[in-house]
Amino acid sequence: MDSLVRVEAVSKIYPRVHKPRERMQAFTSLLLGRQPAHGATVLSDINLDVVRGQSLGIIGENGAGKSTLLKLLTGVIQPTQGRVVVHGNTAAMLELGAGFQPDFSGMDNVRMKASLMGLTNKELKERMHDILEFADIGEYIYEPVKHYSSGMVVRLGFAVITACRPDLLITDEVLAVGDESFQKKCIQWIQRFVEQGGTLLLVSHSMYVVQKLCQKALWIHSGKVEQYGDVFPVTQAYLAWHETRLAKEKKLRIQATGEGAYYRIEGLSLEGAIDGQPPAFAMGDTLKVELQIYSPDDRPPVGVVGVVRADGTPVYGVISDNEGISPVKLADHYYRFRLQFTDISLLPGSYNLRGHSMDPEGVRLFDTQELVFTITGNTKEVGYIRLPHYWSD
Amino acid sequence: MIKANQRKLDLVFFQNLVIRQIRQDYLENMTGFAWLILQPMILLAVYAFVFSTIFKARIPEAADIGFVPYLAIAFWPWTAFSEAILRANTSITANGALIGKIAFATEQIPLATVTATFIMHLIGYGAVLIVLQLTGTNIHWLYFLLVIPVIILMWVFACAIALFTSAIQVFVRDVAQILPPLMTFWFFTTPILYAASYLPDSVQVIAQWNPMAWFIARLRELLLFGEINFGFTALAMVLFITFFAWVSIRFFRRFSGHFEDFL
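Note that the protein sequences, when read in sequence, are chains A and B.
The letter at position 172 of the first sequence is residue 172 when you use my numbering, and the numbering goes up by one with no holes.
The letter at position 226 of the second sequence is residue 226 when you use my numbering, and the numbering goes up by one with no holes.
FYI, nobody ran anything at the bench for these hints, they're computed from the structure.
Even for Gly, the Cβ is constructed at its ideal location relative to N, Cα and C.
Mixed in with the good hints there might be a few duds.
[Unchecked claim] The calculated label-pair distances, taken between Cβ atoms and stated as ranges, are:
1. A:G33 to B:F144: 38 to 48 Å
2. B:A97 to A:T41: 21 to 31 Å
3. A:W189 to B:L263: 27 to 37 Å
4. B:A236 to A:Y142: 48 to 58 Å
5. A:V382 to B:L263: 39 to 49 Å
6. B:A245 to A:R83: 48 to 58 Å
7. B:Y194 to A:M128: 32 to 42 Å
8. A:R21 to B:T135: 54 to 64 Å
9. A:N121 to B:L235: 30 to 40 Å
Isolated chain A (complex conformation) (with noise of 0.2 Å):
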């Protein structure tokens, strides 16, 4: 296998340098020859291995590192601890526009960023006329930077990427800006560059991006590589992370009366479930549901069962009178609803099993609880559920 890019045990301290003294200390430090001693921790180690033709995307809470891992690949800044080994030719798009001179003309600074990245004049000679086509922002390319919009020095920027053809591309979320033609216009030439065999590392909070564009994704977590592996995996544990933690105060609000209730829910379960793990099903799995009710006066209840996503938003529910469906009578007060979905269309992700008990009118609310469950599964469909369809021509 072809490597492009090692990262071995690699750690990163930022000194403290607020202080003169805390400067003077961190250079006579490096000038023996040893690493600053104190400071803040951003990454520690960190280990990874990206093949030639498998884009890895990283993503994580903002804070998590990644700007400086990115930084640290492109060789920006050096790692603490550790070593970076990059193969190959790099196009680093950590920011757009970065090392553009705002008083000089988008020519000049075309000609300048070029040669930063290794095009020699001649080769930017035959290929000015292409970068010109891409940027597309007409005789503006020569005026000062300074006299531009966002957008055209984000398409002055990606236009000179494109003419370097490198074989590893690292970006940090740097498409957000510009319009959406142009957006379109990075996303395919990207697509293409993919496609052609070059190799991506990209940042994005996008997992809609990343899981269409990377084969391998990397979760870090303050500093540390939370999970690592085959995109769908990692993004999903990393999604349903999110949301759950997103769903925390949430929770709270909607936290079950207990004991005091009326009619409680004795139990709600869920079949294939562990102890402590939230229980995982594949896309098309049947859900099997049973949900307990004590009623206090020995009337049969009413159940509801639903299904929310982690961050509390319905995904569908059902109401089991409304169905004329009615309980079975386990033992004096104790009464039990079963309930199978068939063939689940959730797509991948975190929800919740969320089980209610109603008096026997169908009034009133009495109890709430909760069981989160995930499903997994490859797909690049978006939303909640998959809906039935053919595509006609």
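Given chain A's structure and the hints, the job is docking chain B onto it.
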């Protein structure tokens, strides 16, 4: 193969950096270029007035040349040298945005600044030499071929110093305050306004270790007196400056990977 290719490409980038520096510092406004000639001219006039009119300074060995040409020959190279070092000193911090975003050999920044300053002042030097010739000073143009290696050696020396100071400047910001008076001190201890023979013998022993004194003396000999005086000291200078440059680049690279953390 790849390495050779890489070096060539870096040269293109370096050229662009130098051009950018020149345009930024000197050609940005129309007067920038004029000031490049005017500023040292004015300073030269001030020194000439103070030393030859007020102090009645006479340089015995240049009695028939006159004080102003004697000073002018030395003054431009010194200005290039001094200004190059002072400009390069803050060049890393000034280009912080570039260093934080793009990976490249950072030493090119101070080197480009030194180079740009030298190129621009050499143009000024050429203009001054022509003016001197037209006003009756006999410039030994034939020896200009030997002036070039002397200036190149001086440029290497300036580059080496700039690599030291600019790297330290990133960590210790006080360098920017310390450096200008140090350069002024160096200016007055180098025989630019006076001849080396004016110094007491005891000081001359120390002064002969000043590389700038050697450069200035050679430039005067070549251009004003038409003398070639390269002996053992020339070889020693080449060896010393090569070694010094090698140390400076090693020193710079020890820190350059960490600049981003401190900018």
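Against the structure, the hints:
1. A:G33 to B:F144: 38 to 48 Å: 45 Å, holds
2. B:A97 to A:T41: 21 to 31 Å: 25 Å, holds
3. A:W189 to B:L263: 27 to 37 Å: 32 Å, holds
4. B:A236 to A:Y142: 48 to 58 Å: Given range 48 to 58 Å: holds, Cβ gap about 52 Å.
5. A:V382 to B:L263: 39 to 49 Å: For L263 of chain B against V382 of chain A, whose Cβ atoms are near 41 Å apart, the range 39 to 49 Å holds.
6. B:A245 to A:R83: 48 to 58 Å: Violated, since A245 of chain B and R83 of chain A (Cβ atoms, about 29 Å apart) do not stay within the stated range.
7. B:Y194 to A:M128: 32 to 42 Å: 55 Å, violated
8. A:R21 to B:T135: 54 to 64 Å: Between R21 of chain A and T135 of chain B, where Cβ atoms are some 56 Å apart, the hint holds.
9. A:N121 to B:L235: 30 to 40 Å: 38 Å, holds
Figure legend: structure checked against the earlier numbered hints; hints not met, in rising order: 6, 7.
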